[in-house]
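Use the sequences and the hints to build the structure in full.
Protein chains in written order, with our numbering: chain H, 1 to 589; chain P, 1001 to 1245; chain L, 2001 to 2338.
Treat the hints with care, as some may be off.
Stated by the list, open to error - Footprint (simulated), chain P over chain L, 3 or more residues, beta carbon under 8 Å: (1) 2216-2224; (2) 2231-2238.
Unchecked claim - Pulled from the structure, derived: some chain H residues nowhere near chain P, Cβ distances all over 12 Å: (3) Leu127; (4) Gly273; (5) Asp350.
Worth flagging that the hints you see were computed from the coordinates, not collected in a lab.
For glycine and all other residues, C-beta sits at the position ideal for the given N, C-alpha and C.
What follows is the residue order along each chain.
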Amino acid sequence: MRAERIAPGLAIAAIATAPAWLGAYQLALLTYVGLSAIVALGLVVLTGNAGLSSFGQAAIVGIGAYVAAILTTQAGLSPWLTLPAALAVCGLGAWSGGVVMVRLSGHYLSLATIAFGAAMYFLFGGLEITGGQNGLSVPDTLFEGAALNYAIVWAALLANMTMLANLLDSRMGRAIRALKEHAAMAEAMGIDTNAAKSGVFVIACLMAGLVGWFYAYFQRFVNPSPFSLAAGIDYVFMAVLGGAEMLWGAVAGAAIVTLLKPVLQARLPWLLGAAGNFEGVVFGAIVILLFQFAPEGLLPRLRAWLGWSGLRARAVSGGQLPSGHGISAGEVLSVEGARKSFGGLLANADVGLTVNASEVVALIGPNGAGKSTFFDLVTGATRADAGAFRLGGQTITGLSTRAIARRGLARSFQHVRLVGDMTAIENVALGAHRRGARSMLSSMLGLGRAEERAFLATALHQLERTGLGHLAWQNAASFALGQQRILEIARALAADPILLLLDEPAAGLRHQEKQALATMIRALRSDGLAILLVEHDMDFVMALADRVVVMEFGRVIASGKPRAVQADRRVQEAYLGAPLAAPAGEALS
Amino acid sequence: MSLISARNVTVCYGKIAAVKDVSLDIHEGQIVTIVGPNGAGKTTLLSALMGLLPMTGEVSYFGTVSRPGVEALVRAGIGLIPERRELFATLSVEDNLALGGFDRWRAGAEDAAFELAKIYRLFPRLEERRRQVAATLSGGERQMLAMGRALMGRPRLLLLDEPSLGLAPMVMRDIFETISGLRDQGVAILLVEQNARAALRIADHGHVMEAGRFVLSGPASELARNERVSEAYLGVAAAEDPPQE
Amino acid sequence: MNAFFAAYLAQDGLSNGAIYCLLALALVLVFAITRVILIPQGDFVSYAAISFASLREGRVPGTVGLMLALTVLAVAIELARDRNRFAPRVLRLAAAPLLLAALAEISPRLHLPAVVDALLATAMVAALGPLLYRIVYRRIAAASTLVLLIVSVALHFVLLGMGLYFFGPEGVRAEPLIDLAFILGAVPIKGQSLLILATCAVLAAALFAIGERSLIGKALRAASINPTGARLMGISTEWSGSLAFLVAALIGGVSGVLISSTTTLYYDSGFLLGLKGFVAGILGGLASFPLAGAGAFALGLLESFASFYASAFKETIVFALIIPILLWRSLAARTGTD
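Okay, here's the thing in structure tokens:
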């Protein structure tokens, strides 16, 4: 464990002392590693955390470089004035492009960036102002000397890493990390996933623009070839090689590709007895093998091999997030005439239902009766064909999942949707997302520490309330199914809801776990929550619910006190199966 | 002969075991049913037996110990009708059925038309809708199509997952009648059902599954009369005697 | 610009459009069945063109070495995977490549007609498709689209380097298969252009007929509609994936042979052609064959006229075309989900 803690420190020490024991050529090479690593860092956040990808980052670097070069050569601006210009062009371009592109599913975005990368390369080579294929010479330099350039680039790299680490450890960071596999869940937690995606895209492009700006004065010559589609692909390779989910993975990947390339370029033609660039074969083969045998990347694989978990409990102190409302009373949810059909199938026909504060209502019925559809209508995941929905006295008909979540609805999912590689406390903090306000920028600058403490305190409180406090710093993926279901409830509670929707919370739980769950739900009820649950376990439902609503074929066929509902003949037939017409055992042959 | 003989089967999702230490035998001409609540691991067990999920334990199919993939099991004569039916939604009913016979056709069988006629005799509704796209069928028709498609492969053993799911009582009765009719024609059946009464009524042998394990096993008629089964899975005892808080 | 020149450009644009159309069809097919975005599609084109040119010059093409290397690799992987009763599986893998290699090896002595050389070059490239699927994609068939895409890009780099090694850096240009030219109302018509258009029509019709009518075509569609359902019918992912790659490589091969006479091709020329196939495919949303086909012809014409009006920006215009289309699609998607 000690080695795990001091490894980044050792790496930083090695980086800091490099000028003392390396020559100018090696330092220049390491400067390129640093520049590539900054671009790859953006991709680590984009690809590894948000699940988006861009093969066009080299083109963004190019835009940054050309803006700097053109403004310097044509307008004679000093490098310090071209920096904001380069960043503004890259940032605004990414923002306007991002608004469009994040709405596309993953592979369209990737293809769009491939096309963008190809188009920009030809544009750089075709325009007069960029000097075409001949390029532009830049008269100014920023810093003299290999050591100084090296120091500046690596300081920038470490600063960027710190900012991104701050970001990933914040409210918006958790939102970003949920995007890859759980966008729908994130929306249900009140997260604006499109805004989060375009935010990440802008950050990645700003970092690429910064590199481009520096490159123009470092290289003092700008031509299209370092900004080609192939270069953009190299950046993606760097991110996935090192480990696309880890910030240090970008540095490792950039180092491997940048340092290996000149070696391969020198040796391969000699080895193969043919002239040409064959390093693509090696890098391509490495990436192919990587995804077959170590898809998580080299650094995470190394870490697992060394037995480093990367997880560390942190002290949580301070107050919780403020609660948005007092204890509610009276009718919390009211639904009238909910109707939804899929094709010819009427999944919900005129379903009506109310849930009051301090009340547990159970929605039961055979599989396929329309209970899940009803949940989807209430949460806004599916839009109803008709019906009036009110939450806490406000009408929520036709609102999006996110807007409904913001009005105080929180839910758990039938098929658990947790971010497996996030700790339990982070998963729960995700539920509290809408109660915070810090933006990406202020989190990156480290201004959100107080709010982050409140987030963790709130999350820990909910974990303790649900009996999972001792597991706060374990990854959610390592939880047993029963614990995962409870964790989903803790996450829902962290949203400070007035209405809790639980979708089969007892499914797959053992007897004792079910009893613990029932005790917990009773405690939530006495705290004033309105709770609506779908459940199949009759014992569980009947012992817990204040009222039971029974659905069959998309309609409510009975509702009332548990005992009365159980006595209902229609309910028995619908839910418990057709009555035993013939004595059992008759079918034996 | 034992069509499937499974010993100590365990199926894990990551570190979590969804099926633990389950043993099971299906003989020719039998309907064996597994009943139990949602989340008990029934579907997981079926998927593992069909080679769709990795498992540990000993399983022999038709007397040979092996762990083949889905395709080999299909060729050997095992069919699975999954809970979600997995129909080819944008293909016609007839194309869906034709694809049920794909593996036999590839192996050289030329009796597809004959088989198709047999399916249409069994489910006349499907013949009425033969040109219709599968997505437009009703729940009952979908189940018929799923069964017909599986039967086109002339299986010796059918694994059925929740055939009554979302069906009206009348349709459900028809489906269960068809299932016991198949048994009489020599197709063995492993039936996973939540509707314990209906399943135990047509089955020869039954297992009650809870939290990944078989907690009760025995002849179906005995299980149907068993107090504990009625209590836990039919909810009858609970209805008469609500527990105290 | 006069009508004569416009007609000339249109002819050029249509025959290029037909090639993009073929490539787009292959890309849509592979994506629908395997979710793989086949970046290496363009490499098949250059491989086939260079192989055809080599055969015409009476040389054994580098494809032979490439194909044999991949066969050895595929067989090794197959043996490592499962050594039980491997003989029939290995034979199935290696038979066609070995036969084609033998044929190509003796072909310089036979002085075969151009059509036979064309078929041989196409067949060798087609054989690469299933081999690559088995070596590269089978193990990761269930991975995310993004991972499959990155692997495709990586494979393209491998194929590019192998192309350089096996074919060398020289450009090739073959004689047209049909050496025919005539004047139609003052516009010179090239036979090869007609051949390209006709082949495109025939292949598209054949794909359509196979997909709609044959059981194999239906099985492939089933595999793309519902992979789990298909596996339960004995339609394995491996089978449908290999078949999709075979068809894609075959189409790439045909395209390569057809354009080998219209332009000089290098080992790395295919990539841009493939990318343009993509732009056409995206016009069709990677899902609709007719839309992708229409997009391809529109693209060919646009490119042809752009090369006249703004030749420096020809490629930029073609690739930037994707942006308004994605904009339109994203607006459509927005109204759908919110």
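Hint-by-hint comparison with the structure:
Three residues within the 8 Å Cβ limit are the bar, and the segment 2216-2224 of chain L against chain P gives 4, so the coverage statement holds. For the segment 2231-2238 of chain L, the stated coverage by chain P is satisfied: 6 residues place a CB nearer than 8 Å to a CB of that chain, which reaches the threshold of 3. For Leu127 (chain H), the requirement that its beta carbon stay farther than 12 Å from each beta carbon of chain P is met, with the minimum near 47 Å. Remark: the non-interface label on Gly273 (chain H) is consistent with the geometry, its nearest Cβ contact in chain P lying 43 Å away (cut-off 12 Å).
Every CB of chain P lies more than 12 Å from the CB of Asp350 (chain H), the least distance being 18 Å, so the non-interface label holds.
Comparing the model with each numbered hint stated earlier shows that all of them hold.
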